[in-house]
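Generate coordinates for the entire structure from the input sequences, incorporating the hints supplied.
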Amino acid sequence: MAKKKKLSKEELRIENEKIREDMHTQNQGSSEDSERIVNSLKGFNIASYALLLVLPIIGIWWLWYKKDKLKLNQPSMIVWTGIGVVILVEQIMLIYQNFAG
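Per the numbering used here, the sequence shown runs over residues 155 to 255.
Do not rely on the hints blindly, as some may be mistaken.
[Said to hold, decoys possible] Mimicking DMTMM-like on lysine to aspartate or glutamate, the simulated pairs with C-alpha atoms at most 20 Å apart in a straight line are:
(1) Lys221 / Asp187
(2) Lys196 / Asp222
(3) Lys196 / Glu186
(4) Lys225 / Asp187
[What the hints assert, rightly or not] Simulated restraints, written as ranges between beta carbons of each label pair:
(5) Lys159 / Asp222: 49 to 59 Å
(6) Met247 / Lys220: 24 to 34 Å
(7) Ala204 / Ile173: 43 to 53 Å
(8) Met247 / Ile173: 22 to 32 Å
(9) Ala254 / Gln180: 48 to 58 Å
(10) Phe198 / Tyr250: 29 to 39 Å
(11) Lys225 / Met177: 22 to 32 Å
(12) Glu189 / Tyr219: 14 to 24 Å
Just so you know, the hints here were simulated from the structure itself, not pulled from any lab data. Using N, Cα and C, we set each Cβ at its ideal position, and we do this for glycine too.
Structure below.
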């Protein structure tokens, strides 16, 4: 087994500072994630999601127009836009099937 090198007081202090900085950055990321989740469950966001599901054309526009107020990150914006596009295509297919047939 390899013997561990004894560190001087100065080296120990530097190592402790590095560990504290790493722990601080890890905690900061998790708090940002928690804040993003809480923001996505606010009433304004839920109303925007409902608008996107019921009226996808208006909902997609609203989502991108109010993206700063909704506080969504880019991947979430793309996912919700994709959901809106899928619903829009389904609605167009239903309209075509009911009125063209």
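Inset, instruction - Kindly indicate which numbered hints from before are broken by the structure, ordering the numbers from low to high. - result: 8
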